[in-house]
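J.: Chains A and B are the protein sequences, given in the same order. According to our numbering, the first sequence holds residues 1 to 340 in order. According to our numbering, the second sequence holds residues 1001 to 1340 in order.
Don't read these hints as lab results, they were simulated from the structure. Since the model is a prediction, treat every value here as computed from it, not as a measurement. Take the hints with a grain of salt, since some may be wrong.
Said to hold, decoys possible - Some chain A residues near chain B, calculated using beta-carbon distances under 10 Å:
1. Ser205
2. Gly245
3. Tyr246
4. Asn281
5. Glu291
Positions of the beta carbon are idealized from the N, C-alpha and C atoms, including for glycine.
Protein chains: 2
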Amino acid sequence: MIFVDACFRKPTPYTPIWMMRQAGRYLPEYMEVRRKAGDFLTLCKDPQMAAEVTLQPIEILDVDAAILFSDILVIPMEMGMELRFEKGEGPVFSKPVATLADVEALYDYPEERLGYVYETIRIVRSTLPQEKALIGFSGAPWTLATYMVEGGGSKSYAAIKQMVYADPGTLHALLIKVSEAIKAYLLKQIEAGVNAIQIFDSWASALEREKFFEFSWDYLVDIAAFLKERHPEIPIILFPKGIAGYLDGIEGPFDVFGVDWGTPMELAKKRLGKRYVLQGNMDPARLYDREATKEGVERIIEVMGARPGHIFNLGHGMLPDTPVENAKYLVELVHDLTRR
Amino acid sequence: MIFVDACFRKPTPYTPIWMMRQAGRYLPEYMEVRRKAGDFLTLCKDPQMAAEVTLQPIEILDVDAAILFSDILVIPMEMGMELRFEKGEGPVFSKPVATLADVEALYDYPEERLGYVYETIRIVRSTLPQEKALIGFSGAPWTLATYMVEGGGSKSYAAIKQMVYADPGTLHALLIKVSEAIKAYLLKQIEAGVNAIQIFDSWASALEREKFFEFSWDYLVDIAAFLKERHPEIPIILFPKGIAGYLDGIEGPFDVFGVDWGTPMELAKKRLGKRYVLQGNMDPARLYDREATKEGVERIIEVMGARPGHIFNLGHGMLPDTPVENAKYLVELVHDLTRR
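Kindly generate the complete structure, drawing on both the sequences and the hints.
T.: Structure (structure tokens):
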């Protein structure tokens, strides 16, 4: 598979591309399935429908990899936390984690309850063309813990940072529990057939450098080491958002580093390009405009031109009002400009 | 004044400190005035009450500088945009700027309508002890434009980024108009008696590097050059939040660079420490805990020990639930640890 080869820095006929949130609201075909499902969690839990939306960007955009359609919050949900998605407000846990007793009350083996995800993977993998990769994923322990403690999205992260600074023991207990669940969950995703794993640390940027390493990075390394020991053939991609200032200490058993658009590709290449294949990093808002898309692609390819070592992606998830034709144009352009 | 001397890298008896949002909701004394005022904008527009809350942190915490109590959005408001502060939702402009006609309809001289701010400054400066500095401020053109186009706070910046990539002409027209207003406004603040100026670019991180320089940085340099030409004796502090990845191109006529907590002080010192006095950068959440405060202060002073060249501050605004006694402790600690 071109995508998996690229993750391991092997030569490929062109630079592969996929896009974060490529299965989503900007696609009319997605919206149709979403309407059929009724609500978002129903869609995540229905393997047939989840598989259908997972495959849509392959058919519509011809990207080189599909990413499992699911949500990072299924883990805390299957640990027993009541989750709902409120319109405009995003995900909400009705009873956030606040104490060590709350941590202890969480169910230990959510991976056993996530059979619908593995079933989705099996359906997708059996339908997907051989040359296209399927990416499995999980949220990072820190990002999941943040949702679990804040009870949802947050601007100031006041609740979890209270824990970071005033009650680190409780937070580490939570992170250990979540990390063990993630390991088991990702292992089962691999056994069900995914060809690569991406770990999203969307809220890495909520922590100052020293605390990022203590409360996020060390757990990420632990998870990657666990998976690598068992499945060295499965590439692991890490996407920690907003840590352009922390690149100097980044060292762990990942294959690919996902670069957000706030980290200039030149900087990422200089600091991390030898150690990791880099994935990224066009600002998704460039897709609003065809010329801006072209300019963005050309600039990134100019920097990363020396394939292997680059997988094209956006620097964050696609915006819901992205014009589909610009997304198609992006995929064509990346393939055309990088074809040997 | 110790603070002003420090801005110009002159020797001082100790490292001065102030805190972003030091006049605010964590102070019971502030809440009392706020209740008296009724709503937030009334407080901003009443020079007596605004002066009172400006002075509170000087009396309560013994910081080395007061910062004018106001809001960055008074400029767009006095350009004619209807502004309200919604509970939980933050600032809302009922009619966001969307077209060139909207830009042209904005009133050109909001500084003429901001007399209540200059009056606040005169009252504060006449009451403030001679050795304490008064800092005036403005939002950066990019940050103000973002509020004006988004109509309030934003997560994805979809509206303004649509403008960045698909309608840059309209955005530049807006930025030029806002920049001219900021120049005139800050000049009047200086004439009314402020001893330093800070420009807040809170949403600098919404732009990829290249676009940051085009839509934010160039305007900041223009404003600073305008003020420096007229008042070289007034130090200018720039606080662009979230651009740890862009430090290499930073060159402009500012005296002090405000470092956010996502930019490690070591990195800021290496990249910018020769060119700028650095201000910052403790994570405000450390103030939740006394030990965490001590650890944070010691680490920053270890890096920046070589005074002159450092002003202590937080790496972002104080959180509303900060314990006042920890804020007092922070000021004492910084003074004690750095006293010659």
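J.: Decide, hint by hint, whether the structure agrees.
T.: Going down the list of hints, with the structure as the test:
A cut of 10 Å between beta carbons decides the hint on Ser205/A: the least distance to chain B is about 6 Å, and the hint holds. Checking Gly245/A against chain B: minimum C-beta separation of about 3 Å stays under 10 Å; hint holds. The interface hint given for Tyr246/A is met, as the beta carbon of that residue sits about 7 Å from the closest beta carbon of chain B, less than 10 Å. Against a cut-off of 10 Å between C-beta atoms, the interface hint on Asn281/A holds, since the closest Cβ of chain B lies about 8 Å away.
The beta carbon of Glu291/A comes within 8 Å of a beta carbon in chain B, closer than 10 Å, and the hint placing it at the interface holds.
Against the hints set out earlier in the document, no violation occurs for any number.
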